[in-house]
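*Asks:* From the two separate chains plus the hints, produce the assembled complex.
Residue numbers (this note's numbering), protein chains in the order written: chain A, 1 to 490; chain B, 491 to 735.
Incorrect hints may have been included.
[Said to hold, decoys possible] Within a straight-line C-alpha distance of at most 25 Å, the following computed BS3-like cross-link-like pairs (lysine-lysine) qualify: (1) B:Lys673 to A:Lys416; (2) B:Lys673 to A:Lys356; (3) A:Lys356 to A:Lys66.
[Said to hold, decoys possible] A few chain A residues that don't get close to chain B, going by computed Cβ distances all over 12 Å: (4) Met8; (5) Val84; (6) Met275; (7) Tyr278; (8) Leu422.
Think of the hints as simulated: they come from the structure by calculation, not from any bench. For each residue, glycine too, the CB sits at the ideal point set by N, CA and C.
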Amino acid sequence: MTGTFVGMPAFPEAARAALGNAQLRANLAAATSTIRAKRAAAVGELAGWEDLRLAGAAVKDSTLAKLDEHLLTLEAALTARGAVVHWASDAAQACELVASIAQEHGVDEVVKVKSMATAEIGLNEALASHGIAAWETDLAELIVQLGHDLPSHILVPAIHRNRSEVRDIFTSAMAAAGRAAPADLTDEPARLAEAARLHLREKFLRAKVAVSGANFAVADTGTLVVVESEGNGRMCLTLPEVLISVVGIEKVVPTWGDLDIYLQTLPRSSTGERMNPYTSTWSGVTPGDGPQEVHVILLDNGRTRALADRVGRQALRCIRCSACLNVCPVYERTGGHAYGSVYPGPIGAILNPLLKGVGVDQQTDSLPYASTLCGACFEVCPVRIDIPDVLVHLRAQVVDAHRGTAIPSAEAIAMKGAARVLSSSRLLAAAERVGGPVGRILGVGSSPTTGRPTMRRIPGPGAAWFTARDLPAPPRESFRNWWRRSGGRS
Amino acid sequence: MRVALQVTCIGEALFPETGQAVVTLLRRLGVDVDFPQGQGCCGQPMVNTGYLDEAIPVVRNFVDTFAGYDAVVTPSGSCTGSARHQHSLVAERSGDPALIRAVSEVSPRVYDLAEFLIDVLGVDDVGATFPHTVTYHPTCHSSRLLDIGERPLRLLQAVRGLQLVDLPGAEQCCGFGGTFSVKNAATSIAMGTDKAAAVIGSGAEVLVAGDRSCLMHIGGVLSRAKSSVRVMHLAEILASTGPMS
Chain A
1 MTGTFVGMPA
11 FPEAARAALG
21 NAQLRANLAA
31 ATSTIRAKRA
41 AAVGELAGWE
51 DLRLAGAAVK
61 DSTLAKLDEH
71 LLTLEAALTA
81 RGAVVHWASD
91 AAQACELVAS
101 IAQEHGVDEV
111 VKVKSMATAE
121 IGLNEALASH
131 GIAAWETDLA
141 ELIVQLGHDL
151 PSHILVPAIH
161 RNRSEVRDIF
171 TSAMAAAGRA
181 APADLTDEPA
191 RLAEAARLHL
201 REKFLRAKVA
211 VSGANFAVAD
221 TGTLVVVESE
231 GNGRMCLTLP
241 EVLISVVGIE
251 KVVPTWGDLD
261 IYLQTLPRSS
271 TGERMNPYTS
281 TWSGVTPGDG
291 PQEVHVILLD
301 NGRTRALADR
311 VGRQALRCIR
321 CSACLNVCPV
331 YERTGGHAYG
341 SVYPGPIGAI
351 LNPLLKGVGV
361 DQQTDSLPYA
371 STLCGACFEV
381 CPVRIDIPDV
391 LVHLRAQVVD
401 AHRGTAIPSA
411 EAIAMKGAAR
421 VLSSSRLLAA
431 AERVGGPVGR
441 ILGVGSSPTT
451 GRPTMRRIPG
461 PGAAWFTARD
471 LPAPPRESFR
481 NWWRRSGGRS
Chain B
491 MRVALQVTCI
501 GEALFPETGQ
511 AVVTLLRRLG
521 VDVDFPQGQG
531 CCGQPMVNTG
541 YLDEAIPVVR
551 NFVDTFAGYD
561 AVVTPSGSCT
571 GSARHQHSLV
581 AERSGDPALI
591 RAVSEVSPRV
601 YDLAEFLIDV
611 LGVDDVGATF
621 PHTVTYHPTC
631 HSSRLLDIGE
641 RPLRLLQAVR
651 GLQLVDLPGA
661 EQCCGFGGTF
671 SVKNAATSIA
681 MGTDKAAAVI
691 GSGAEVLVAG
701 DRSCLMHIGG
711 VLSRAKSSVR
721 VMHLAEILAS
731 TGPMS
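Okay, chain B solo, but in the shape it has when bound (with noise of 0.2 Å):
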């Protein structure tokens, strides 16, 4: 199986550290995971913000890395509702047959983290290690794009020493929104501080989610309440063989 790692814009440039645990946690398991260097992003910025045509030669530019791959892997639910839903609406208004045909092969075989490890590698227990009180956020797109469900907590409870901690009110959205989070920054802000206050609440040490977009807008709440909990991604957590750092 030739697996690709899409590790999204954010990843790339601003949490390198994201996508080298997913690299680190699939060579444990055995998926020897390429990094096609081609890769820009997904394109979710523009479409979500209504610029159909300028994302076209970046929805091109996805399925022209992606392609002949049997599978894309993203840490990002969000990236993965894009890929799905939306890359499809691109290529429709591209109205080139070749990347309408391109979408339609690329989009179904890109995964979520989770979805990837559970659904195609068939695993729980990825043998990590974290001896810390974790709480996690499930991010709208993937609970309600991706209906991803009690996957990314399954994975959390066969953590050894990992002990997860309730978030109160955690089906409620965090507030970042892509664009949102700066066209209207004061509701954004309203939402994060509530969420921020509910990770703060849960007494957890850690907080971890599986899109790095959702985490840098809560994590950005939390660093300026000068706040001790830790925001970590999903795979940071399961690539880890010990205390963090």
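Just chain A, with the same shape it has in the complex (with noise of 0.2 Å):
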């Protein structure tokens, strides 16, 4: 069983105590600057990496503004393969027609391929509730499950873990869940590897059902898409008898050519490889051959919600490969279980609210703020998500939704003030008579870093300033007073 998001603080409680763990400030410092630089070599060596970009996110934008005939085109595809198209509103539906294809087999377990869209709706917590174990079998999702954790990254979930945290998960819960690890594991990761693999060996053999999400959806041939780096994706797409996929429904291409961008794309993006290692490729059902019977369930969860937003709905070309999370100064600092999904990071930071709308929960409404709008998300993203743009659409959303309440926030009033003042010559001058001299009162000594005095705290909402920071005191003089004296000539 893993843990849960549900009633996690808002971003900022949140990132406070992680950033007080410092072992997971040291393991997410030498994770993400490795993977950054992997991908910025894959990256750098191809010449037209921007033409790549530009038409990722162009064949996703038109595929999404015709979103239902290519989604029905799909539905068609799959069906004249054999496959059984079903459709899923939200979560909840997801899941009970996974628990009741599960059921109508009689199993009580499924091995699962790492996949966002079973994360998001909750899928393995569901199945429990029937009965049903659902055994997660790439590496990283193995280690969160089995320490009862959280994912901390989207393709890397166990990020936050080292070697040494790893050998003692697999050490105290492999036996629980199956096979048990060698009494004598050491950390070493080809240990690590093969302990992960005997374990799972004996899951990927006895299955009948597997649950897989896709990549992609390529909607004239009803082919599913799986790329994946471990093998277990592909174990879990062949060799059982009943093969459940839950694909959001922006995961759809029209055609199989468009898959030509982002299988560069990809790769290069999330692990800095130019190809990942297995690619697995299933259009329905092939006689004698594969799962004999498969289902596709189409999910929407929120993103009609999110293709409704003028701004937002690139949000939804999307293809998960978290060069934004490696990318972002504050995911590195925080981690990812900070932002209280399974989408942490700045994709996490527009997708959650997206999906969810805002104004609904403190939680929710506090991710676009989980950002100093750096832009280095936007730099890296394959598809050209320009998040810092969705990030101040979505905080004008969260104000708007709390404008016209009985007692406005304290931030509210303070920008109000602000925003007369700072219109206003006549009264920000004001204001610097009054501050001035009080300002000066509370500056104290000579700072080398200004040569000038130093306020080192003051009261009120900027008192969060002065935790670790200083600020020098007015100066005696304004540059408008200066001005207005001297004419510009000092």
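*Replies:* So, in structure tokens, the structure goes:
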């Protein structure tokens, strides 16, 4: 059983707690800097990278503009090839569908390919409530599941763990879930991989039902595509008798040829490889080969809400590469759990509010503010999602959702006041006349940093500034007064 | 050419030396820069916190103040980015066709100082002397929103006596982020602390950047850590004609 994000505090509080974890910060800094360098090298060797980004964005945008038509094409092609297509408008419906298919086959366990869609809908927990065990077979997902932990990264959900922590988790938790870890297990990567391989092998060989997501769904051929690195996905997609794939409706691309773009940009952006080791594609049922019963659940769960947002809809281009997480200076320091969702980092900060809507809960409303708007995410995004633009757009939605409440927040009052002062040179000068002397009283000593007296704390809403930062005391003469006095000639 | 200085709200109230340096520098280069006294702020604090309605009067005042100038020079990549990328959003929100038109006329004429010097005036060497070891932090909005590239470095490299040293991890955000610095103070400080450590590690006497707001944050951390590193705006170094006092 994995943990739950339900009841997570808003980002600032969760981040503060995470920042206090020195081991977490060390693990993250090491992992993200390694993967950043790999990505930069893999992307740098392609001369036409910008063209690939533009093409990737254009194909997704034109597909999303006629999503209804492409989905019907996909459904028809899948059905013609022997797959059963289901439509799920939300998480609960999708989970019920998976559970009822599994129950029809009388199984009490399924094996899983790593899948963001099934994590998003909380499938493992839902299946558990039906008495069905869902075994994660991706190595990092296995670490998270065995550790009763939560994913903290889209591609590498256990990025917050180092190898000695992984050894401890395997040693203590594998036996309860199946084949135990060897008694003499060390934290050598090869030994850890071998322990996972042996543990998972008995699940692959036993399972009758597998559950996957899909990276892409090709409409004209009815083909689902899974890209992965470990081969566990290939096992799940070929060995069991029944395969159930939960696919977000934004995963559709019109033609097989469109994959050309994404099979280049996805691995380079996510693992920093030219090509991922395993690319599995399947179109419905092939008699006598692979699963003989294939279900595809097309999942909305907020995607049509996001699609209706003129600015926000670009988030549906996302191919879940995680490049934005790896370059994000906020993510690097707080880790993924602080975002309270299976989608952390910059993409999570926009995707969660877009899927769930703003103005409903404080945690979701805090996410668009979990960014300095530095723009590193947009720079690396292989489908050119302008995340800073969407963040600012969503902040306005959050503020608008709270307009007209009986008691406005302190921030809303402050912003209204600031706007009045900052739009009027007369009021600005008046504020300086009042604030200047007060600030100068608070100013002490002379800081070498600015050569001026320094304020070390002030009361009121700005107090958070001073927990670890000074601020120079206001100057004796503002720029405006200097200009008036001297005409700009000092 | 009629040139106006947009001194920025932080520069106006807290760091007049930056605006003064811009005036000194531009006059030395033969530009008769004006300071239109009606100016307030660019509106970025409101827009980036989500208060679009509140930003409308701020943007209206901005375009009223700077209408009629051929160029508006501001010592801030971030305020330049705000004018170019966000004023149209605010104007659209207002639904006022006159404001939409005014913004479309003023926004493209707003220049960051380094852009103005190199792209408009066509100078790399502004005749400055500054015999100190300096490290440069490329602020996020100047590098990623304005694509300012090597311009500030070209200006610094032409300064007599100045020794430029590398800042490790220079492209990483300092963690200021406007209201992020107080709404997410703990994360902001964690980022600022790492940036300050990189600055100290560079061995420079002076940290320079093109934005007073980022410098206020990094400088605040350095000052609290009792570091001897001085923080200066690019304009102050380019206006210098000798060692700092």
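*Asks:* Each of the hints needs a verdict: does it hold here or not?
*Replies:* Results for each hint:
no., hint, in the structure
1, B:Lys673 to A:Lys416, "holds (17 Å)"
2, B:Lys673 to A:Lys356, "holds (22 Å)"
3, A:Lys356 to A:Lys66, "holds (22 Å)"
4, Met8, "holds (16 Å)"
5, Val84, "holds (45 Å)"
6, Met275, "holds (28 Å)"
7, Tyr278, "holds (33 Å)"
8, Leu422, "violated (4 Å)"
Checked against the numbered hints listed earlier, the structure breaks hint 8 alone; every other hint is satisfied.
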